[in-house]
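Q: Line order of the protein sequences matches chains A and B. Counting from 1, one number per residue, gives the positions in the first sequence under this note's numbering. Counting from 1, one number per residue, gives the positions in the second sequence under this note's numbering.
One or more hints might be untrue.
[To be verified] Which bits of chain B does chain A cover? Going by a derived footprint, with three or more residues having C-beta under 8 angstroms, they are:
hint	segment
1	30–38
2	200–206
3	216–228
4	231–243
Derived from the structure by calculation, the hints contain no laboratory data. Built from N, CA and C at the ideal position, the CB exists for glycine as well.
There are 2 protein chains.
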Amino acid sequence: MKRVYSFNPGPATLPLEVLKEAQAEFLNFADSGMSIIEISHRSKPYEKVHNQTKADILELMGLGEDYEVLFIQGGASLQFSMIPMNFATEKNPGSYAISGTFSNNAYKEAKILGVGKIAASTESENFRRVPRQDELKIDSDSAYFHVCYNNTIYGTEYHYIPETGNVPLFADMSSDMLSRPIDFKKFSLIYAGVQKNLGPAGVVVVVAKKSLIEKSLETLPTMLRYDTFYKKNSLYNTPPAFSIYMVGKVAAWIKNNGGLEEMAKRNSAKAKILYDVIDESDEFYKGHAEKDSRSFMNVTFRLPSEELEKKFVAEALEKDLSGVKGHRSVGGMRASIYNAMPIEGVEALADFMKSFKKNNC
Amino acid sequence: MKRVYSFNPGPATLPLEVLKEAQAEFLNFADSGMSIIEISHRSKPYEKVHNQTKADILELMGLGEDYEVLFIQGGASLQFSMIPMNFATEKNPGSYAISGTFSNNAYKEAKILGVGKIAASTESENFRRVPRQDELKIDSDSAYFHVCYNNTIYGTEYHYIPETGNVPLFADMSSDMLSRPIDFKKFSLIYAGVQKNLGPAGVVVVVAKKSLIEKSLETLPTMLRYDTFYKKNSLYNTPPAFSIYMVGKVAAWIKNNGGLEEMAKRNSAKAKILYDVIDESDEFYKGHAEKDSRSFMNVTFRLPSEELEKKFVAEALEKDLSGVKGHRSVGGMRASIYNAMPIEGVEALADFMKSFKKNNC
């Protein structure tokens with residue numbers, strides 16, 4: 001069976017064991033005589049998956065009873081709107097750190113509603129780094145302060161937790177949730193479109209303080225109120241059951257593989273391999289991100305010319321190294337190396353980078 | 001391998017051939033070396049699936065270039081809000097026929113926004129039938145007239161297309177889309193949460209006149225504007241790729257099995273078997289729906305006592321006839337017999353009903 005190493009930013013590679021497990025039980029889930037995609041979301045076997053997935057996520061994050069896990073559709077892009085709709089007002093706007101495309105998109109949705117403010121931006125530096133603590137201008141009347149913790153497109157990541165005073169800290173962790181231990185208790189709301197590190201596209205995992213989401217504005221549409229999901233255990237209507245089931249399998253896989261400590265160890269080892277190749281290439285490869293903002297998840301770099309970049313993509317693909325082309329806003333290359341990318345894949349890419357350099361220098 | 005006949009209302013049974021095909025290629029989709037749930041939504045193999053699914057749906061419905069297929073997350077429940085947000089105003093409200101739980105939920109979302117009106121309701125008759133044409137009070141200044149074409153919970157279905165004058169006709173067809181030929185050209189917007197007749201939960205198929213959705217209000221959140229999905233081919237953000245892929249396989253299966261004409265033939269034959277058992281049972285089984293509103297998709301009936309109903313559910317399950325318990329708002333039994341339910345399953349249920357009656361009469 002053909003399998004490639006996929007460095008796509010998302011949807012992204014998933015653990016092969018997890019895929020095989022899902023495949024094996026695809027026609028008969030939990031001895032129900034039905035597929036997981038046929039079984040009722042009100043049935044005991046499904047509910048067990050649903051609740052275990054929630055519990056495993058909280059356990060992995062080291063969070064307790066004061067946090068709730070919600071499963072919401074629409075992608076992180078819908079969260080960009082739900083967050084200001086639920087929490088921000090003109091008087092108490094949301095405050096945004098702009099560190100790339102998605103944090104900017106989040107801010108734009110608050111702006112459409114007239115309830116967004118910019119606390120910091122590194123756009124003038126083409127988002128080569130995330131804002132520093134001393135650059136954050138967070139008004140104390142902000143409803144929340146919002147960051148995008150890992151910037152998939154630019155290959156940058158926060159390596160500190162912003163101090164926000166009394167302002168609740170919200171984070172889009174779509175591309176690094178469950179990739180390393182973070183003091184998640186410092187956050188009031190964390191969300192992730194799962195298709196990078198956690199499962200198949202189709203669900204967003206929202207982890208929020210219960211006190212924040214137990215009561216929403218009654219003037220909001222039902223499906224845009226966080227309390228609808230909270231009060232109904234994310235079962236107000238039919239949930240995206242297959243995506244949740246796969247997230248559950250991935251969460252179990254993380255637990256069985258040493259949890260977030262071990263993920264962090266593996267991920268930083270993988271990132272180091274690629275950054276070392278870049279740093280030791282005599283500027284044949286040039287990293288996009290500044291060193292102290294480098295992402296463990298998305299390694300972005302350029303080559304000496306666009307022609308060489310095209311050649312790099314084509315030759316990589318011949319070696320079954322897929323999806324290394326960067327986003328058009330940065331150009332060049334991007335290797336996404338989430339939890340499920342094995343070190344062998346990263347080593348294969350590093351070897352290819354070295355020999356490509358030798359052949360084209 | 002254990003397989004049961006599932007009469008669940010949704011998520012519901014899917015064609016076994018389709019499930020087997022998806023299982024076989026689960027680790028290596030289209031020779032990409034990736035699973036369909038890992039592959040980029042910007043890749044050629046995925047785009048082919050995406051566009052073919054759209055084309056097949058239009059072809060099956062007999063619709064042309066003036067209609068567009070959109071894939072939107074959030075379930076029909078989010079459509080209940082998106083529709084009034086996009087189309088209704090206080091001056092031109094949405095007009096609703098209330099024929100059951102979901103049409104009422106749709107109306108309620110318009111009401112939250114202050115833009116909903118009731119055109120007819122059969123609530124006082126416990127929704128045993130859909131409203132008749134002569135009962136529909138559709139103001140000519142309505143932004144649209146909304147019906148729920150098949151009422152899953154009550155087991156009723158429209159057997160006529162409402163005449164609405166100049167008012168655009170909108171229909172929630174979550175539980176009967178692609179189950180039979182309908183003159184879909186009379187509708188301006190049709191939508192279906194796919195987890196009944198079309199695929200796994202996680203996507204809503206919206207089929208709308210292009211003229212209706214080409215420009216949305218700029219004050220709306222991006223993910224709640226129909227034009228976002230229209231202009232970006234439902235790829236503004238990562239779509240729920242697996243659900244769409246399965247819908248595509250189901251649409252192809254319908255085409256390969258004779259299209260909507262053949263589906264209608266099979267579905268009415270299946271429904272007849274069960275309604276005949278009910279009608280010939282000397283009132284041991286009592287249908288909930290009035291005869292001229294009977295659904296081809298969901299057959300609802302009661303037994304002489306709640307005790308017998310419990311026994312019926314338990315004994316049916318022993319015979320691998322699963323999911324026959326009715327919704328709490330109607331009580332009794334409900335057999336959902338969508339496209340993918342084979343006639344053998346319906347015959348097995350009919351045989352069981354006859355022998356259960358004999359043993360408990």
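Q: Evaluate each hint against the coordinates.
A: Outcome of the hint check:
no. : hint    : result
1   : 30–38   : holds (count 7)
2   : 200–206 : holds (count 4)
3   : 216–228 : holds (count 7)
4   : 231–243 : holds (count 8)
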